[in-house]
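> In order, the protein sequence lines correspond to chains B and V. First residue of the first sequence: 3, per our numbering; consecutive thereafter. First residue of the second sequence: 36, per our numbering; consecutive thereafter.
Keep in mind that the hints were calculated from the coordinates and are not lab data. Take these hints with a grain of salt, some might be off.
[Claimed, not checked] Pulled from the structure, derived: some chain V residues nowhere near chain B, Cβ distances all over 10 Å:
| hint | residue |
| --- | --- |
| 1 | 132 |
| 2 | 138 |
| 3 | 174 |
| 4 | 300 |
| 5 | 360 |
| 6 | 472 |
| 7 | 485 |
[Claimed, not checked] Derived DEER-like restraints, expressed as beta-carbon distance ranges:
| hint | chain 1 | residue 1 | chain 2 | residue 2 | range |
| --- | --- | --- | --- | --- | --- |
| 8 | V | 365 | B | 103 | 55 to 65 Å |
| 9 | B | 306 | V | 519 | 49 to 59 Å |
| 10 | B | 103 | V | 171 | 43 to 53 Å |
| 11 | B | 298 | V | 415 | 55 to 65 Å |
| 12 | V | 365 | B | 316 | 20 to 30 Å |
| 13 | V | 351 | B | 42 | 37 to 47 Å |
| 14 | V | 346 | B | 254 | 57 to 67 Å |
| 15 | V | 405 | B | 27 | 27 to 37 Å |
[Stated by the list, open to error] Partial chain B-side listing against chain V, Cβ under 10 Å, derived:
| hint | residue |
| --- | --- |
| 16 | 5 |
| 17 | 30 |
| 18 | 34 |
| 19 | 205 |
| 20 | 206 |
| 21 | 209 |
| 22 | 215 |
We put the beta carbon where it would ideally sit given N, CA and C, even for glycine.
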Amino acid sequence: MREGLQRFTRTHEFWLLIVLIVIGAGLTAADSSFFTLQNLFDLLTSYAFYGILAAGLLVVLISGGIDISFTATASVAQYVALTVAIQYGATWFTLFLMAALIGIACGAVNALFIRTLRIPSIIVSIATLNIFYGLLVFVTSGRYIYQLPDWFAHGIFWFEFEDANQISYGINLQILCLACAFLLTWILLNRTNIGRQIYALGGNPDAAQRLGFHVFGLNVLVYCYMGFMAGIASLVQAQLAQSVAPTVLVGKELDVVAAVVLGGASLTGGVGTVFGTILGLALLAIIQNGLILLGVSSYWSPLFVGLVILVAVSTTAWSQNRKHRRMVAA
Amino acid sequence: MPTGNRTARLAPFLELTHISKRFGGVHALRDVDFDIEAGEVHCLVGENGSGKSTLIKIIAGVQPPEPGGRIRIEGRDYAHLNPVQSTHCGIQVIYQDLSLFPNLSVVENIAIGRHLGRPRPVDWSGMRRLARAAMERIGVALDLDARVADLTIASRQLVAICRAMAADARLLIMDEPTSSLTRHEVDALLAVVRDLKRKGICVVFVSHRLDEVLEVAERVSVLRDGAKVGTFEARDMNDHKLATLMTGKEFHYDLTETDLSDRAVVLSVRNLTRAGDYREVSFDVRAGEILGLTGLLGSGRTELALSLFGMNPPDAGEIRLNGELLHLKTNAEAIEHGIAYVSEDRLGLGLVLEQPISSNLVVTMLDRLAGRFGLVAPAVRNAHVTRWIKELAIRVSNPENAVKTLSGGNQQRVVLAKWMSTNPRLLILDSPTVGVDISAKDGIYEIVKRLAGAGIAVILISDEVPEVLYHTHRVLIMREGRLTAEFAPHRSSEHELEAAINA
Numbered sequence: 003m004r005e006g007l008q009r010f011t012r013t014h015e016f017w018l019l020i021v022l023i024v025i026g027a028g029l030t031a032a033d034s035s036f037f038t039l040q041n042l043f044d045l046l047t048s049y050a051f052y053g054i055l056a057a058g059l060l061v062v063l064i065s066g067g068i069d070i071s072f073t074a075t076a077s078v079a080q081y082v083a084l085t086v087a088i089q090y091g092a093t094w095f096t097l098f099l100m101a102a103l104i105g106i107a108c109g110a111v112n113a114l115f116i117r118t119l120r121i122p123s124i125i126v127s128i129a130t131l132n133i134f135y136g137l138l139v140f141v142t143s144g145r146y147i148y149q150l151p152d153w154f155a156h157g158i159f160w161f162e163f164e165d166a167n168q169i170s171y172g173i174n175l176q177i178l179c180l181a182c183a184f185l186l187t188w189i190l191l192n193r194t195n196i197g198r199q200i201y202a203l204g205g206n207p208d209a210a211q212r213l214g215f216h217v218f219g220l221n222v223l224v225y226c227y228m229g230f231m232a233g234i235a236s237l238v239q240a241q242l243a244q245s246v247a248p249t250v251l252v253g254k255e256l257d258v259v260a261a262v263v264l265g266g267a268s269l270t271g272g273v274g275t276v277f278g279t280i281l282g283l284a285l286l287a288i289i290q291n292g293l294i295l296l297g298v299s300s301y302w303s304p305l306f307v308g309l310v311i312l313v314a315v316s317t318t319a320w321s322q323n324r325k326h327r328r329m330v331a332a
Numbered sequence: 036m037p038t039g040n041r042t043a044r045l046a047p048f049l050e051l052t053h054i055s056k057r058f059g060g061v062h063a064l065r066d067v068d069f070d071i072e073a074g075e076v077h078c079l080v081g082e083n084g085s086g087k088s089t090l091i092k093i094i095a096g097v098q099p100p101e102p103g104g105r106i107r108i109e110g111r112d113y114a115h116l117n118p119v120q121s122t123h124c125g126i127q128v129i130y131q132d133l134s135l136f137p138n139l140s141v142v143e144n145i146a147i148g149r150h151l152g153r154p155r156p157v158d159w160s161g162m163r164r165l166a167r168a169a170m171e172r173i174g175v176a177l178d179l180d181a182r183v184a185d186l187t188i189a190s191r192q193l194v195a196i197c198r199a200m201a202a203d204a205r206l207l208i209m210d211e212p213t214s215s216l217t218r219h220e221v222d223a224l225l226a227v228v229r230d231l232k233r234k235g236i237c238v239v240f241v242s243h244r245l246d247e248v249l250e251v252a253e254r255v256s257v258l259r260d261g262a263k264v265g266t267f268e269a270r271d272m273n274d275h276k277l278a279t280l281m282t283g284k285e286f287h288y289d290l291t292e293t294d295l296s297d298r299a300v301v302l303s304v305r306n307l308t309r310a311g312d313y314r315e316v317s318f319d320v321r322a323g324e325i326l327g328l329t330g331l332l333g334s335g336r337t338e339l340a341l342s343l344f345g346m347n348p349p350d351a352g353e354i355r356l357n358g359e360l361l362h363l364k365t366n367a368e369a370i371e372h373g374i375a376y377v378s379e380d381r382l383g384l385g386l387v388l389e390q391p392i393s394s395n396l397v398v399t400m401l402d403r404l405a406g407r408f409g410l411v412a413p414a415v416r417n418a419h420v421t422r423w424i425k426e427l428a429i430r431v432s433n434p435e436n437a438v439k440t441l442s443g444g445n446q447q448r449v450v451l452a453k454w455m456s457t458n459p460r461l462l463i464l465d466s467p468t469v470g471v472d473i474s475a476k477d478g479i480y481e482i483v484k485r486l487a488g489a490g491i492a493v494i495l496i497s498d499e500v501p502e503v504l505y506h507t508h509r510v511l512i513m514r515e516g517r518l519t520a521e522f523a524p525h526r527s528s529e530h531e532l533e534a535a536i537n538a
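Bound-form chain B, shown alone (with noise of 0.2 Å):
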């Protein structure tokens, strides 16, 4: 137990808890509203859609591999699944089933260009990036949809309370959504023989493929996976935001990138964790939203996330060295 925890201590998650108890700290001590319920509430259910896509990214990038072609994805499966929904009627079983679905076709179409023609992740999915969302713009003209199903506008609401302010919490769908990407992400990848096979594909490729790893396999895997949560995401979007935009989910991939690489995952493949990427995730929300709270201009935001990320992945690239220097030395 003692040594768990000091190898914990040496962790990139261990430093990035230290980084987002101190940022929580100080914007508790500057503006009361922040650590209150709701505003952790308003936080977990904003920034569900982000998380459940990181927690794709993660598997993703945990392969070896990378994918910016999800929100994308996600465009795609929103519009096609609701526009089904609101033709033919659906229930929240077959709604999810179709999103997923498109989800897992986008993702098999990524895989498959990346192994059988071995052309680098980045391209692939920069290119299908620009064709799924250039598919949907063409075909829908960029058409909102507003009128979805009353019960999808109405949501789910479990386990309500109510606060002395009246104001009611509860398990909504983002909530339970997220909860569930992470929880499904981490039995994956930690309790899994696939999810270790991902690993150590991630770790060392060649090796994987010497051990007689089923190297296609795990990759079409990986995108699909990755592909299936973008399209529970997009669902998700779609139900906070009351509506349908084919044009607003592209341009918020890198965001995603910058959750899940700022959680310790590494672009090279075979590191990563569920918990980094959910502090991540936690710091960069936290800023954002730290510094709405603070009455920081909105225009300041990227700058101030750009640094963060700066600095975290520096002092990761720091101390490596200075562990590489130790260990030349000794």
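The hints should help you fit chain V onto chain B, whose structure is shown.
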């Protein structure tokens, strides 16, 4: 002396007969017979391209031999194997790169086989048990939860052996297992191998560093140009005989005293210190002298070399070049002063592998070759390239081919040419022959001698005692950051040097 006349041979575990392999028109293997007895340690030696790796791949089932060959494992015949059959027969190959997963723990690396197969939950405690049992079998204790990336190369090697044990290896093939280990680590590895042998596990060493493996091996098989030269009793062999068998050439190095005391001192180092790296280092190198510098890995020799090259500034002491006091802060300054450095990691730092040979050759000379407006005329560039290819006899079909298409020895010559063309006064060579064949090594020694003959002061850093003993004028031993001994090669032996290094 070929075997066959020794009595009471055990039944072979593995027997290959009439194995050939062609790649296109090239005969990688020609009618090779090869056998391994149960519980035997066998050495497979040969130069690069002699067919060693092809033979391994056939045994591992990665490649099929040409029809007509036969593979017999414990009495069962196979025309060829596939990887699954090979593993099933207990054959495990540890490739040179070890094929480990640096991001995963020791447990997972050892018991990685448990992750294969259909989707299912991970049995962590089962994996730990398996890993522990594997470590016990070879008598090592490693931190099960350590990340492999944080281990030393020697420990990683043990992890790879444990993984083979966990997969129930009965024949362990190790490809160049000692090439990146220090002498102590090699000894530890050989102890493990002796232990495996006692447990009846066959071990095949594939190597071209010979002295050490001869200590544990029973027999040695030599391949040359795809054909087997023969299988010999290890106790009848020595470095010299093996080198001759492998190359078909005689190598003979003389130790003659060379008096350089009348030559000018090029480099003079006094009380050079850098905390954590080296302390109070003082020595001179004269024009035309080859100074050998050796010591264990981590003794500070590479750090010292980097300081002389401006990349690791010392805390105290002075460096003089031709009497001029230098305060080098960058390697660009060092190059300007006529100091050249060929790094240990020749492939990583010395060359841009994907780029043409010609571009690699001119890269250090761009400033000097440039004409007006800082542009380099193609004719000037080509003349420079042609001159150096000829000067160092680099075997190239086309200078515009990528450097990675060259053999190790020729790549090394490109690096040398790159630095020689800058007209250095001091050349620092850090382990220049690591991973290079005997014949190619010989070529490099020739080049180094020629450079020194042209009046360049050379510092040759090496792990290999014979290398510094036979190819330098003077040897310094470094230990724990200090220079601890000096030898004149013609009055010393390998044994004396070994003793000083490991003192």
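> Decide, hint by hint, whether the structure agrees.
Now for the hints, and whether the structure bears them out:
no., hint, result
1, 132, "violated (7 Å)"
2, 138, "violated (4 Å)"
3, 174, "holds (24 Å)"
4, 300, "holds (31 Å)"
5, 360, "holds (28 Å)"
6, 472, "holds (24 Å)"
7, 485, "holds (33 Å)"
8, V/365 - B/103: 55 to 65 Å, "holds (58 Å)"
9, B/306 - V/519: 49 to 59 Å, "holds (55 Å)"
10, B/103 - V/171: 43 to 53 Å, "holds (50 Å)"
11, B/298 - V/415: 55 to 65 Å, "holds (58 Å)"
12, V/365 - B/316: 20 to 30 Å, "holds (22 Å)"
13, V/351 - B/42: 37 to 47 Å, "violated (56 Å)"
14, V/346 - B/254: 57 to 67 Å, "violated (43 Å)"
15, V/405 - B/27: 27 to 37 Å, "violated (58 Å)"
16, 5, "holds (8 Å)"
17, 30, "violated (36 Å)"
18, 34, "violated (43 Å)"
19, 205, "holds (4 Å)"
20, 206, "holds (5 Å)"
21, 209, "holds (4 Å)"
22, 215, "holds (7 Å)"
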